[in-house]
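**Q** Here the protein sequences come in this chain order: W and H.
Per our numbering, the first sequence starts with residue 320, numbered consecutively.
Per our numbering, the second sequence starts with residue 320, numbered consecutively.
Calculated directly from the structure, the hints in this document are not laboratory data.
Do not rely on the hints blindly, as some may be mistaken.
Pairs count within a copy or across copies, as identical chains cannot be separated in the list.
To be verified - The calculated BS3-like cross-link candidates involving lysine-lysine, where the alpha carbons are at most 27 Å apart (straight line), are:
1) Lys327 - Lys497
2) Lys410 - Lys457
3) Lys405 - Lys537
4) Lys495 - Lys410
5) Lys327 - Lys577
6) Lys537 - Lys349
7) Lys577 - Lys349
8) Lys405 - Lys497
9) Lys410 - Lys327
10) Lys405 - Lys350
11) Lys349 - Lys470
12) Lys474 - Lys537
13) Lys497 - Lys410
14) Lys410 - Lys350
15) Lys497 - Lys577
16) Lys577 - Lys470
17) Lys577 - Lys474
18) Lys327 - Lys457
19) Lys537 - Lys350
20) Lys457 - Lys577
21) Lys457 - Lys474
There are 2 protein chains.
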Amino acid sequence: MKNTPRMKILLTNDDGIHAPGLYALSLEIKKIGDVSIVAPAVERSAVGHAITVVDPLRVTEVRRDGEIYGLAVSGTPADCVKIAIKTLLPKRPDLVISGINQGPNTGINVIYSGTVSAATEATMLGIPAFAISLDSFKSAEFAYAAEFAAKLALKMREAPLPAGVLLNVNVPAIPKEKIRGVQVTRQGIARFTEEFHERVDPRGRTYWWLGGELEDGKAEEGTDSAALHEGMVSVTPIHYDMTAYEDMDLVARMRLAK
Amino acid sequence: MKNTPRMKILLTNDDGIHAPGLYALSLEIKKIGDVSIVAPAVERSAVGHAITVVDPLRVTEVRRDGEIYGLAVSGTPADCVKIAIKTLLPKRPDLVISGINQGPNTGINVIYSGTVSAATEATMLGIPAFAISLDSFKSAEFAYAAEFAAKLALKMREAPLPAGVLLNVNVPAIPKEKIRGVQVTRQGIARFTEEFHERVDPRGRTYWWLGGELEDGKAEEGTDSAALHEGMVSVTPIHYDMTAYEDMDLVARMRLAK
Numbered sequence: 320m321k322n323t324p325r326m327k328i329l330l331t332n333d334d335g336i337h338a339p340g341l342y343a344l345s346l347e348i349k350k351i352g353d354v355s356i357v358a359p360a361v362e363r364s365a366v367g368h369a370i371t372v373v374d375p376l377r378v379t380e381v382r383r384d385g386e387i388y389g390l391a392v393s394g395t396p397a398d399c400v401k402i403a404i405k406t407l408l409p410k411r412p413d414l415v416i417s418g419i420n421q422g423p424n425t426g427i428n429v430i431y432s433g434t435v436s437a438a439t440e441a442t443m444l445g446i447p448a449f450a451i452s453l454d455s456f457k458s459a460e461f462a463y464a465a466e467f468a469a470k471l472a473l474k475m476r477e478a479p480l481p482a483g484v485l486l487n488v489n490v491p492a493i494p495k496e497k498i499r500g501v502q503v504t505r506q507g508i509a510r511f512t513e514e515f516h517e518r519v520d521p522r523g524r525t526y527w528w529l530g531g532e533l534e535d536g537k538a539e540e541g542t543d544s545a546a547l548h549e550g551m552v553s554v555t556p557i558h559y560d561m562t563a564y565e566d567m568d569l570v571a572r573m574r575l576a577k
Numbered sequence: 320m321k322n323t324p325r326m327k328i329l330l331t332n333d334d335g336i337h338a339p340g341l342y343a344l345s346l347e348i349k350k351i352g353d354v355s356i357v358a359p360a361v362e363r364s365a366v367g368h369a370i371t372v373v374d375p376l377r378v379t380e381v382r383r384d385g386e387i388y389g390l391a392v393s394g395t396p397a398d399c400v401k402i403a404i405k406t407l408l409p410k411r412p413d414l415v416i417s418g419i420n421q422g423p424n425t426g427i428n429v430i431y432s433g434t435v436s437a438a439t440e441a442t443m444l445g446i447p448a449f450a451i452s453l454d455s456f457k458s459a460e461f462a463y464a465a466e467f468a469a470k471l472a473l474k475m476r477e478a479p480l481p482a483g484v485l486l487n488v489n490v491p492a493i494p495k496e497k498i499r500g501v502q503v504t505r506q507g508i509a510r511f512t513e514e515f516h517e518r519v520d521p522r523g524r525t526y527w528w529l530g531g532e533l534e535d536g537k538a539e540e541g542t543d544s545a546a547l548h549e550g551m552v553s554v555t556p557i558h559y560d561m562t563a564y565e566d567m568d569l570v571a572r573m574r575l576a577k
């Protein structure tokens with residue numbers, strides 16, 4: 320890798336610019352590239368691939384230990400990537416990394432993920448990208464996941480993915496020495512068992528709050544969730560073409576008429 | 320179809336409960352089924368597959384011409400479908416229709432679409448669904464699209480789609496007699512050419528506003544956009560499994576190590 324210029328790497332997330340997962344990621348990625356951080360000003364979990372069109376975006380410089388750490392954007396993760404690349408960064412980044420998310424982004428829930436959507440947005444803008452999440456809503460042990468992210472960043476420069484494809488990485492929240500390897504997986508069908516909690520506010524009006532638990536007990540082999548259960552890092556190639564190609568004939572046979 | 324009970328059909332959208340496209344849809348669908356409407360209280364364009372987890376949801380009854388028209392939810396289109404099915408509706412619907420959206424949902428932009436995500440959410444909850452959009456940001460001529468939606472609803476009862484698959488329908492904004500037919504399409508690569516407009520607010524602070532135009536001039540044959548250009552109704556089967564199966568081997572060959 321001598322003589323190769325350092326990669327310009329944009330970091331973002333959906334837990335917000337002050338999240339410890341993003342900070343841990345930045346420490347490792349700085350060792351291998353020039354890092355810019357553009358992330359949501361506040362937590363933006365479960366925003367899916369939202370972009371802000373109805374409201375304006377504001378951008379604020381954030382400092383950490385007396386130095387400029389990054390830019391906080393009053394929008395979603397996808398907004399951050401879009402405005403960073405189109406407007407805020409002086410040069411186009413070579414890679415976008417989104418994370419490290421607190422909690423897994425696996426199964427059906429990937430579609431709700433702001434973390435993944437930031438990486439998808441980068442891919443849509445023609446920039447290689449991956450999302451990385453730690454399989455725990457509690458553990459603050461991001462060090463191994465950050466180390467893996469740095470290795471993956473270098474690998475992706477060596478062996479670029481086809482246009483339109485990104486990686487969704489999930490890392491078990493166990494000590495590095497217990498991690499059993501890396502598995503290329505497919506998106507599983509883990510989902511939250513959700514229920515709405517009905518409550519009454521101080522003024523006597525009803526409101527509902529979505530609660531739920533990740534239900535991935537019966538993860539099928541080969542899926543993202545199953546890999547995590549087995550102590551493996553899960554790497555899923557994903558793309559934003561949602562066409563169900565295998566069902567096009569079936570729909571044609573419906574003989575829909577004008 | 321004699322002796323078949325009337326379908327229970329839930330309608331939603333992302334333009335908000337007061338949108339004319341939703342009203343036009345409701346008039347046609349009432350002819351073939353029992354309609355419930357649960358839709359966002361305000362416009363929720365470009366929210367992607369967002370769900371509201373950080374804030375509570377509120378629900379308000381909306382009347383039209385002195386009668387109950389539907390329920391307005393203080394959330395996203397996906398929230399509406401989730402809370403309707405889990406909490407608000409007395410019975411599980413047989414079908415969910417999202418639309419009629421003002422403006423196309425084609426190409427790359429499908430991933431940003433609140434309209435499509437509402438239908439996707441229904442599919443994730445095991446209920447057949449489709450999204451329907453009118454290819455114009457101005458025309459209020461929703462009548463033909465509504466008529467097509469009603470026909471499609473009946474067809475989908477006759478010939479159910481596989482689990483996990485939904486339809487994304489786009490209708491040209493031309494008179495019915497000029498429509499040339501129905502084409503089963505794939506998601507194209509039409510996208511918005513976007514730019515951020517930098518402005519200064521009355522207090523002297525900078526803000527950015529996302530603007531853009533749909534750029535689908537070079538639509539490839541077989542895609543959603545191309546069908547619309549040719550005066551055809553576009554019907555794209557889509558699914559929420561984002562795995563890029565054809566690239567799994569390639570990622571395996573990257574030999575990612577722990």
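**Q** Indicate, hint by hint, whether the structure satisfies it.
**A** Hint-by-hint comparison with the structure:
For a Cα distance limit of 27 Å, the shortest separation of lysine 327 from lysine 497 qualifies neither inside one copy, at 32 Å, nor across copies, at 52 Å. In the homo-oligomer, the alpha carbons of lysine 410 and lysine 457 never lie at most 27 Å apart, since the shortest distance is 36 Å inside one protomer and 37 Å across protomers. In the homo-oligomer, the alpha carbons of lysine 405 and lysine 537 lie at most 27 Å apart only across protomers (23 Å), although the nearest pairing inside one protomer, at 43 Å, exceeds that limit. In the homo-oligomer, the alpha carbons of lysine 495 and lysine 410 never lie at most 27 Å apart, since the shortest distance is 35 Å inside one protomer and 49 Å across protomers.
For the homomeric pair lysine 327 and lysine 577, the shortest alpha-carbon distance between copies (24 Å) is at most 27 Å, but the shortest distance inside one copy (51 Å) is not. In this homomeric assembly, lysine 537 and lysine 349 never come within 27 Å of each other (Cα to Cα): the closest approach is 39 Å inside a single copy and 40 Å across copies. With identical chains, the CA atoms of lysine 577 and lysine 349 are at most 27 Å apart between copies only, with a shortest distance of 20 Å across copies and 58 Å within one. Neither within a single protomer nor between protomers do lysine 405 and lysine 497 lie at most 27 Å apart by alpha-carbon distance, with minima of 42 Å and 40 Å respectively.
Within a single copy, lysine 410 and lysine 327 get their C-alpha atoms as close as 8 Å, which meets the 27 Å cut-off; across copies the closest is 53 Å, which misses it. With identical chains, the CA atoms of lysine 405 and lysine 350 are at most 27 Å apart within one copy only, with a shortest distance of 26 Å there and 48 Å across copies. Within a single copy, lysine 349 and lysine 470 get their C-alpha atoms as close as 12 Å, which meets the 27 Å cut-off; across copies the closest is 57 Å, which misses it. When the C-alpha separation of lysine 474 and lysine 537 is checked against a cutoff of 27 Å, the pair qualifies neither within a copy, at 32 Å, nor between copies, at 34 Å.
For the homomeric pair lysine 497 and lysine 410, neither the shortest alpha-carbon distance inside one copy (40 Å) nor that between copies (48 Å) is at most 27 Å. Taking the shortest Cα distances, lysine 410 and lysine 350 sit within 27 Å of each other inside one copy (19 Å), while across copies they are farther apart (57 Å). When the C-alpha separation of lysine 497 and lysine 577 is checked against a cutoff of 27 Å, the pair qualifies only between copies, where the shortest distance is 10 Å, while the shortest distance within a copy is 60 Å. Proximity of lysine 577 to lysine 470 under the C-alpha cut-off of 27 Å is restricted to the inter-copy arrangement: shortest distance 9 Å between copies versus 54 Å within a copy.
Only between protomers do lysine 577 and lysine 474 lie at most 27 Å apart by alpha-carbon distance; the minimum there is 13 Å, versus 50 Å within a single protomer. For the identical chains of this complex, lysine 327 and lysine 457 are neighbours neither inside a copy (31 Å) nor across copies (42 Å), given an alpha-carbon limit of 27 Å. Neither within a single protomer nor between protomers do lysine 537 and lysine 350 lie at most 27 Å apart by alpha-carbon distance, with minima of 39 Å and 42 Å respectively. For a Cα distance limit of 27 Å, the shortest separation of lysine 457 from lysine 577 across copies, 22 Å, qualifies, whereas the shortest one inside one copy, 54 Å, does not.
Taking the shortest Cα distances, lysine 457 and lysine 474 never come within 27 Å of each other, neither inside one copy (29 Å) nor across copies (48 Å).
Hints 1, 2, 4, 6, 8, 12, 13, 18, 19 and 21 from the earlier list are contradicted by this structure; the remaining hints agree with it.
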